[in-house]
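Chemist: Listed below, chain by chain, are the residues.
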Amino acid sequence: MKNIKFLIVGVLFGIILSKTEVVSWYRIYEMFKFQSFHMFGVIGSAVVLGIVCMQLFKKGVIKDYLGNKIVVKDKDKGFIRTLVGGTIFGLGWALSGACPGPMFVLAGHGAFAILIVLFGAIIGAFIYGLLSKKLPD
Amino acid sequence: MEFITQPWPWYVGGPLIAFVLFLTFYFGKVFGVSRSLETFCTIGGAARFSDYFKVDLKERKWSLFFVVGIIIGGFISSEFLMKTQAIDLNPTTVKELADLGFANAGNSYLPEEIFSLENLLSIKGFLILIGAGILIGFGTRYAGGCTSGHAITGLSNLQLPSLVATIGFFIGGLIMTWFIIPLIF
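Residue numbers (this note's numbering), protein chains in the order written: chain A, 1 to 137; chain B, 1 to 185.
Treat the hints loosely; a few may be bogus.
What the hints assert, rightly or not - Simulated pairs of lysine-lysine, DSBU-like, Cα-Cα distance not exceeding 30 Å: (1) Lys77(A) / Lys54(B); (2) Lys29(B) / Lys63(A); (3) Lys2(A) / Lys29(B); (4) Lys95(B) / Lys2(A); (5) Lys61(B) / Lys77(A); (6) Lys83(B) / Lys73(A); (7) Lys133(A) / Lys29(B); (8) Lys124(B) / Lys5(A); (9) Lys73(A) / Lys54(B); (10) Lys63(A) / Lys124(B); (11) Lys33(A) / Lys95(B); (12) Lys33(A) / Lys124(B); (13) Lys33(A) / Lys54(B); (14) Lys77(A) / Lys29(B); (15) Lys124(B) / Lys69(A); (16) Lys61(B) / Lys5(A); (17) Lys134(A) / Lys95(B); (18) Lys73(A) / Lys95(B); (19) Lys61(B) / Lys134(A); (20) Lys2(A) / Lys69(A); (21) Lys61(B) / Lys2(A); (22) Lys124(B) / Lys73(A); (23) Lys5(A) / Lys83(B); (24) Lys63(A) / Lys95(B); (25) Lys59(A) / Lys69(A); (26) Lys58(B) / Lys69(A); (27) Lys77(A) / Lys58(A); (28) Lys58(A) / Lys83(B); (29) Lys29(B) / Lys58(A); (30) Lys77(A) / Lys124(B).
Honestly, the hints are just simulated from the structure, not real lab data.
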């Protein structure tokens with residue numbers, strides 16, 4: 001089963017997010033209050049090392065598991081969609097203290113109430129899909 | 001084993017997240033979580049309502065394994081790898097939260113004031129949870145990614161749209177934390 005490796009990567013990601021406390025509502029609150037370096041350190045160091053990874057992919061130093069060059073696609077452009085969409089996301093992130101990855105982690109912790117947030121997020125994605133053609137880019 | 005059960009500092013967690021990003025690309029996929037929300041819509045039959053959800057589920061299969069893995073990872077952590085749920089918060093944060101009515105801030109990962117069953121069964125509590133979810137789901141898909149897809153993957157790839165999205169995450173987060181949370185609690 002070739003997808004099992006993604007299950008294992010997911011398990012790893014779930015453990016990291018739990019142990020680093022980034023799934024805690026309090027850590028997100030503290031970040032937006034600028035009262036702790038923790039979250040900035042987590043995201044910042046991930047991005048710095050991520051930049052190194054991307055450069056190694058692009059230069060072909062690291063190939064994928066089949067030996068093919070790793071191509072990293074550019075993100076879709078659009079100023080309004082990223083700024084407005086991002087701001088709406090940020091409102092929900094700060095209120096629930098969870099972004100999509102941590103929602104699944106917290107479900108694994110047995111936090112029942114997070115399932116309501118997750119259900120809301122699926123409804124939100126559904127609403128976006130219905131309106132996607134009508135929204136400004 | 002002692003290290004495993006302690007909370008991990010940022011300089012351990014951040015590099016490990018970069019390692020997850022690396023593994024995802026190494027296995028031929030793009031690191032990100034929020035697209036799976038759309039995949040759930042498709043599985044639930046959303047294609048009947050909009051062509052937007054007419055996607056090839058085979059292409060998305062890996063991400064379902066990924067999110068199931070994340071749930072299992074959360075379960076393993078909470079069952080076996082965490083001695084305590086206490087979080088070492090800044091004392092100022094604890095005091096400010098106490099003033100807002102959040103008792104015992106940092107004693108567990110999640111505040112009772114938002115996530116307790118009792119709260120969930122109240123109208124206000126339910127609306128907060130579902131409303132936050134809708135904002136997250138709509139916002140992330142409109143923006144084209146969440147914290148993992150934009151703030152980690154996109155910024156690592158020096159993408160301008162991801163920088164704009166991350167700035168947006170902070171605009172929204174700051175408005176919520178500084179102005180709206182004090183109003184609703």
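Chemist: Next step is simple, just say for each hint if it's right about the structure.
Modeler: Tested hints:
{"no.": "1", "hint": "Lys77(A) / Lys54(B)", "verdict": "holds, 22 Å"}
{"no.": "2", "hint": "Lys29(B) / Lys63(A)", "verdict": "holds, 13 Å"}
{"no.": "3", "hint": "Lys2(A) / Lys29(B)", "verdict": "holds, 13 Å"}
{"no.": "4", "hint": "Lys95(B) / Lys2(A)", "verdict": "violated, 50 Å"}
{"no.": "5", "hint": "Lys61(B) / Lys77(A)", "verdict": "holds, 26 Å"}
{"no.": "6", "hint": "Lys83(B) / Lys73(A)", "verdict": "violated, 41 Å"}
{"no.": "7", "hint": "Lys133(A) / Lys29(B)", "verdict": "holds, 26 Å"}
{"no.": "8", "hint": "Lys124(B) / Lys5(A)", "verdict": "violated, 41 Å"}
{"no.": "9", "hint": "Lys73(A) / Lys54(B)", "verdict": "holds, 22 Å"}
{"no.": "10", "hint": "Lys63(A) / Lys124(B)", "verdict": "violated, 51 Å"}
{"no.": "11", "hint": "Lys33(A) / Lys95(B)", "verdict": "holds, 13 Å"}
{"no.": "12", "hint": "Lys33(A) / Lys124(B)", "verdict": "holds, 24 Å"}
{"no.": "13", "hint": "Lys33(A) / Lys54(B)", "verdict": "violated, 41 Å"}
{"no.": "14", "hint": "Lys77(A) / Lys29(B)", "verdict": "holds, 20 Å"}
{"no.": "15", "hint": "Lys124(B) / Lys69(A)", "verdict": "violated, 51 Å"}
{"no.": "16", "hint": "Lys61(B) / Lys5(A)", "verdict": "holds, 12 Å"}
{"no.": "17", "hint": "Lys134(A) / Lys95(B)", "verdict": "violated, 45 Å"}
{"no.": "18", "hint": "Lys73(A) / Lys95(B)", "verdict": "violated, 45 Å"}
{"no.": "19", "hint": "Lys61(B) / Lys134(A)", "verdict": "holds, 29 Å"}
{"no.": "20", "hint": "Lys2(A) / Lys69(A)", "verdict": "holds, 20 Å"}
{"no.": "21", "hint": "Lys61(B) / Lys2(A)", "verdict": "holds, 10 Å"}
{"no.": "22", "hint": "Lys124(B) / Lys73(A)", "verdict": "violated, 42 Å"}
{"no.": "23", "hint": "Lys5(A) / Lys83(B)", "verdict": "holds, 28 Å"}
{"no.": "24", "hint": "Lys63(A) / Lys95(B)", "verdict": "violated, 50 Å"}
{"no.": "25", "hint": "Lys59(A) / Lys69(A)", "verdict": "holds, 9 Å"}
{"no.": "26", "hint": "Lys58(B) / Lys69(A)", "verdict": "holds, 23 Å"}
{"no.": "27", "hint": "Lys77(A) / Lys58(A)", "verdict": "holds, 20 Å"}
{"no.": "28", "hint": "Lys58(A) / Lys83(B)", "verdict": "violated, 42 Å"}
{"no.": "29", "hint": "Lys29(B) / Lys58(A)", "verdict": "holds, 15 Å"}
{"no.": "30", "hint": "Lys77(A) / Lys124(B)", "verdict": "violated, 37 Å"}
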